[in-house]
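Student: Listed here are the chains, written in short residue letters.
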Amino acid sequence: MISGITVKNRSVREPVMRWVFTVSALTAVLAVGLICVFLFAGGFPAIGKIGVLKFLTGTVWKPTYDDFGILPMIVGSLYVTAGAILLGVPVGIFAAVFMAKVCPKPLYGFMKPALDLLAGIPSVVYGFFGIVVLVPFVRNTFGGDGSSMVTASLLLGIMILPTVIGITESALRAVPDELYEGAVALGASHERAVFGVVLPAAKSGVMAAVVLGVGRAIGETMAVKMVAGNQTVLRAPDEFLKGVRTLTANVVLEMGYAEGLHREALIATGVVLFVFILLINLLFSALKKERTE
Amino acid sequence: MKKIFALALAALPLFTALTACSSPAGGFDKGTAITVVSREEGSGTRDAVRDLFDVKDADGKENVTEEAITADGTGVMISNVAGNPYAIGYCSVASLNDTVKALTIDGVAATAGNVKNGSYTIQRPFYLATLGEAEGLAKDFIDFILSAEGQAAMVKRCVPIDENAPAYSGGRPSGNLVVGGSSSVTPVMQDLVEAYKAVNPNAAVTIQESDSSKGMNDAKSGAYDIGMASRALKDAEISDGLVPVHIALDGIAVIVHPENPLTALTNEQVRNIYNGEFTKWSGVQ
Amino acid sequence: MKMRKIKDLTLRGLTWLCAGVTAAMLLFLLAYILLKGVPHIKPSLFALHYNSENVSLFPALVITVLTVALSLLIAVPLGVFAAVYLAEYAKRGSRFVRLVRTTAETLAGIPSILYGLFGSLFFVAWLGWGYSLLAGSCTLAIMILPLVMRTTEESLKAVPDSYREGAFGLGAGKLRTVFRIILPAAAPGILAGIILAIGRIVGETAALIYTLGNTADVDPSRGLFTSGRTLSMHMYSLANNALYTDQAYATAVVLLVVVIGINALSAFLAKKIVKR
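Chains as they are written, first to last, in the numbering used here: chain D, 1 to 293; chain Z, 1001 to 1285; chain W, 2001 to 2276.
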């Protein structure tokens, strides 16, 4: 099989392919580099022209009159994300405990694909569902326009469920069985052992699930845009039946017709979102480190 | 742990209630707040509403209420209004459909006929402009737009000016053409280009979307062969050598939910709804 | 003692309730879309060209397939090769490996709207590709790259070392071992990752609106530079438009069927991996 020629070829091929593999590995680095360069280069001039403080803490967004304050959008993103976490995480954790420790085997065979499907449904379908079901539901039940902070939080709460459940479940499964058995041997009931011993032991995994949920919620665009109302008003937390605009929605709503400084300000909005995401990533990898150590 | 427990308890009723589908409330309650729906910043229609209804403060700046929901696109606007009995919005007369109800403004109905005869004043003209009289392919394309076929192709998006235009009889010249300008005229132009391609496959027309003033400037500089504007040309633009061609009219209808008993508003009432002075439907009657 | 029992029961009840609510949510969503959408699925929805009468989703379907194919064509070789480097060649824990891993994780966390912004700044504007199939696919290729990398690396690591030792023992070179022994052994896992990536592409909207454009019909004469829209974007446009609510439901059904199909395929592959 191995003739002299192939040996010679191999001696060329090996280093060449090694080089190809290395360069391929570099593309991820290159991509992050390019994204940083282009987003920052696109957004920083606008922030410079508008003024950092005026841009980040301004409360009026009227591009036609050169008012570019994105505080309402920053706050809007935070509210909607917090709402989604408040609604989605508790349900997600209980459901994850169910999946890992309670679920009868035949039922698991149904629940697991169901969760995968929930994760796979495109966000526009969620958004459409939000428009036709959630918005009228919120309007008729709680009053207001229907397109509001609560509606967006509710929708995002549903959307982050598979993420939260999936990661929490695997964190629960990673806890050694001895812990559970020890607790039961000491006389704890099944529930007490699970909630009092196993869940606390999986704490960093649960935290990672929450952080990832935050990342998903803060970055979601289309579904949120369709149900949030998109007003650029700085809201108080108790105005949860009124509409807000998130950072993501601000970009996608106005990018179509935007020109000049307006366009740059929208890219700068993306930069602010990017910084948020980088912080979340940092937090996530810190948690992961803690988990592996 | 207890905290999570409490949170979960708070969250559950919300979720379970959801699974029971909501039923719409019966009857129109005039005491309810008006849901004002506006287009996004940068939209030509939004600017037109600002000017036609004079939704401006003392300094001449737009002062649409902060509480207005932002809809990015005619479709989003209509579905927002169609889905909320207490909403008010606006869209091009040509985009009206039976999911929403157009109100009369100062007693005149928002119909294509009334836009054309000028009695419905909430309207704006669509113009094309060329540097000097159009020649060659540009002229043929404009002739097509003003022909029966061209005018028919516009019906979906705006109000054509001449129903009895003669059929297109151009020489089907070949070449490239760049048309650019107003984002409000752009969708009309896309339909026109499609229709033109059907009769003259020799021509390639590129559309570049920007705004009316850029359209006129670039037509002047020669970057565009034909500029598009959703307003009449300014005197300065005409004296710089641009030749305007009036191709269509666009009426802007004020729309509400079909369940809303209201049928008429005055220009001033619309202004007061949009600047946030009237916040409840009872305030309008 | 009794208090504790009640507490236990409530906790147990809550786990059932929360899992039930989650499942009910999915069933409700599916049933709602299917019931409202299936009656509106008509042959005209699949007409060759889109117009405002038939609201055909066929061009969108074609663009979806093309986008998936093109994105995979770019991302899969890069992702698989990068994973081969990380799993088979690199010194574990070297600074370069750490850098690659950190950047891949960063990429995985970036929301799609930022990919869209980047794509429109880089591919559309800077490279001058305009709103095009190529710009959209390249944007998505970067987006799915970390997914392909991670799943491939994991399945490469799952290949037992005895395979490698056996191949080396028989005199095969490293490259030959990788391509003939390790990659085939890891194929189902890699495939599962690719299918996940397809799922992400099919569901994507925000990253495509300002890179692929959002036109209802396709212009085949422009080849890779045609603009268009995928099924999800088509759905988004319809959902936003009160005129086409019925068609939006129908399109949602088609989209759900595609997603369910992708999920079933990946579940099937996952089962196959476990069996080996």
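Calculated directly from the structure, the hints in this document are not laboratory data. Please read all numbers here as calculations on a predicted model, not as lab measurements. Among the hints, erroneous ones may be present.
Stated by the list, open to error - Taking lysine-lysine pairs in the DSSO-like style, the calculated list, with each CA pair at most 27 Å apart, reads: (1) W:Lys2091 / D:Lys289; (2) D:Lys242 / Z:Lys1030; (3) Z:Lys1056 / Z:Lys1234; (4) D:Lys62 / Z:Lys1116; (5) Z:Lys1061 / Z:Lys1197; (6) Z:Lys1056 / D:Lys242; (7) Z:Lys1056 / D:Lys54; (8) Z:Lys1101 / Z:Lys1030; (9) Z:Lys1156 / W:Lys2005; (10) Z:Lys1214 / D:Lys49; (11) D:Lys203 / D:Lys112; (12) D:Lys54 / Z:Lys1061; (13) D:Lys105 / W:Lys2042; (14) W:Lys2157 / D:Lys288; (15) W:Lys2091 / W:Lys2042; (16) D:Lys112 / W:Lys2042; (17) Z:Lys1101 / Z:Lys1056.
Student: Determine for every hint whether it applies to the structure shown.
Tutor: Results of checking the hints against the structure:
Taken as a hint, the W:Lys2091 and D:Lys289 pair is honoured in the structure, with Cα atoms around 20 Å apart against an allowance of 27 Å. For a cut-off of 27 Å, the pair hint linking D:Lys242 to Z:Lys1030 stands: about 20 Å separates their Cα positions. Distance hint between Z:Lys1056 and Z:Lys1234 is fulfilled; the C-alpha atoms sit about 22 Å from each other, no more than 27 Å. Restraint check: the Cα-Cα separation between D:Lys62 and Z:Lys1116 comes to about 34 Å, which exceeds 27 Å; the hinted pair is violated.
Simply put, Z:Lys1061 and Z:Lys1197 have alpha-carbon atoms about 42 Å apart, too far for the 27 Å limit, and the pair is violated. With a CA separation close to 24 Å, the supplied pair Z:Lys1056 and D:Lys242 stays within the 27 Å bound. Only pairs whose Cα atoms come within 27 Å are accepted, and Z:Lys1056 paired with D:Lys54 is accepted, the gap being roughly 24 Å. Restraint check: the Cα-Cα separation between Z:Lys1101 and Z:Lys1030 comes to about 17 Å, which is no more than 27 Å; the hinted pair holds.
Annotation: proposed proximity of Z:Lys1156 to W:Lys2005 is violated, straight-line Cα distance about 69 Å (limit 27 Å). Straight-line distance between C-alpha atoms of Z:Lys1214 and D:Lys49 comes to about 23 Å, which keeps the hinted pair within the 27 Å bound. Straight-line distance between C-alpha atoms of D:Lys203 and D:Lys112 comes to about 22 Å, which keeps the hinted pair within the 27 Å bound. Straight-line distance between C-alpha atoms of D:Lys54 and Z:Lys1061 comes to about 20 Å, which keeps the hinted pair within the 27 Å bound.
Between the alpha carbons of D:Lys105 and W:Lys2042 the distance comes to roughly 40 Å, so the proposed pair goes past 27 Å and is violated. This hinted pair checks out: W:Lys2157 and D:Lys288 have alpha carbons roughly 20 Å apart, not beyond 27 Å. Note on W:Lys2091 and W:Lys2042: the hinted pairing is violated, with a Cα-Cα distance of about 57 Å set against a maximum of 27 Å. Among the hinted pairs, D:Lys112 with W:Lys2042 is inconsistent with the structure: their alpha-carbon atoms are about 33 Å apart, more than 27 Å.
Our distance criterion of 27 Å between C-alpha atoms is met by Z:Lys1101 and Z:Lys1056, whose separation comes to about 26 Å.
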